[in-house]
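Student: Since the structure of chain Y is already known, use the hints to place chain A on it.
If you read the protein sequences in the order shown, they are chains Y and A. The first sequence maps to residues 0 to 85 in numbering that gives the first Met the number 0. The second sequence maps to residues 0 to 85 in numbering that gives the first Met the number 0.
Honestly, I wouldn't trust all of these hints.
Just so you know, same-sequence chains aren't split out, so a pair can sit in one copy or run between any two.
Only pairs whose alpha carbons sit at most 35 angstroms apart, straight line, appear in this in silico DSBU-like list of lysine-lysine [said to hold, decoys possible]:
id	residue 1	residue 2
1	Lys56	Lys17
2	Lys22	Lys10
3	Lys4	Lys40
4	Lys45	Lys10
5	Lys45	Lys22
To be clear, the hints were calculated from the coordinates, so they are not data collected in a lab. Since the model is a prediction, treat every value here as computed from it, not as a measurement.
Protein chains: 2
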Amino acid sequence: MYLAKIYVTYKPSILDPKGETVKDALHRLDYQAVSDVVMGKYFEIKIANDNESDVRKMVEAFSQQLLINVNMEVFRYELIALSTAV
Amino acid sequence: MYLAKIYVTYKPSILDPKGETVKDALHRLDYQAVSDVVMGKYFEIKIANDNESDVRKMVEAFSQQLLINVNMEVFRYELIALSTAV
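For reference, chain Y alone in the conformation it holds in the complex:
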């Protein structure tokens, strides 16, 4: 069993309107030290398979197929092995 933590953000060349909105709101709340905001999506996905290489292939495939818009977004991920036996 693996836990995949997947982070999806816009490509650097794409305008991030939600991030800009959050930055403006933080400035209005007087957090002037905030210089840059990126807002993205975050997934925690548990996968019942103990072969790390299979899990990596699976995560990369379904992230491209379903989780991201490949034209505008990029993803990165990390895997955490969960112990299933007690």
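Tutor: Okay, now just chain A, sitting in the frame of chain Y:
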């Protein structure tokens, strides 16, 4: 300068409808090994302040004030010190 990476997810007691939808979609795509999906928000926020304790206070304050719905969501974060001088 610090980079704060902030992860916002629903409290465990709150139904996560987007996560359930993604899980169903992955099952329909034949990723039956996926057993659990949590979907949340992810922020990368740069803060022009070099005092770590100040930055922590700021991140905790504005996350509660603006980034999360305190009734339904929780957040965790990590700080990365960015070097500003060259």
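Student: Taking the hints in turn, state whether each one holds.
Tutor: Hints versus structure:
Proximity of Lys56 to Lys17 under the C-alpha cut-off of 35 angstroms is found in both arrangements, the shortest distances being 31 angstroms within a copy and 23 angstroms between copies. Taking CA atoms no more than 35 angstroms apart as the test, Lys22 paired with Lys10 passes in both settings, with 18 angstroms inside one copy and 25 angstroms between copies. Taking identical chains as interchangeable, the C-alpha atoms of Lys4 and Lys40 lie at most 35 angstroms apart whether they share a chain (11 angstroms) or sit on different chains (12 angstroms). Within a single copy, Lys45 and Lys10 get their C-alpha atoms as close as 26 angstroms, and across copies as close as 17 angstroms, so both meet the 35 angstroms cut-off.
Taking CA atoms no more than 35 angstroms apart as the test, Lys45 paired with Lys22 passes in both settings, with 32 angstroms inside one copy and 10 angstroms between copies.
In this structure, none of the earlier numbered hints is contradicted; all agree with it.
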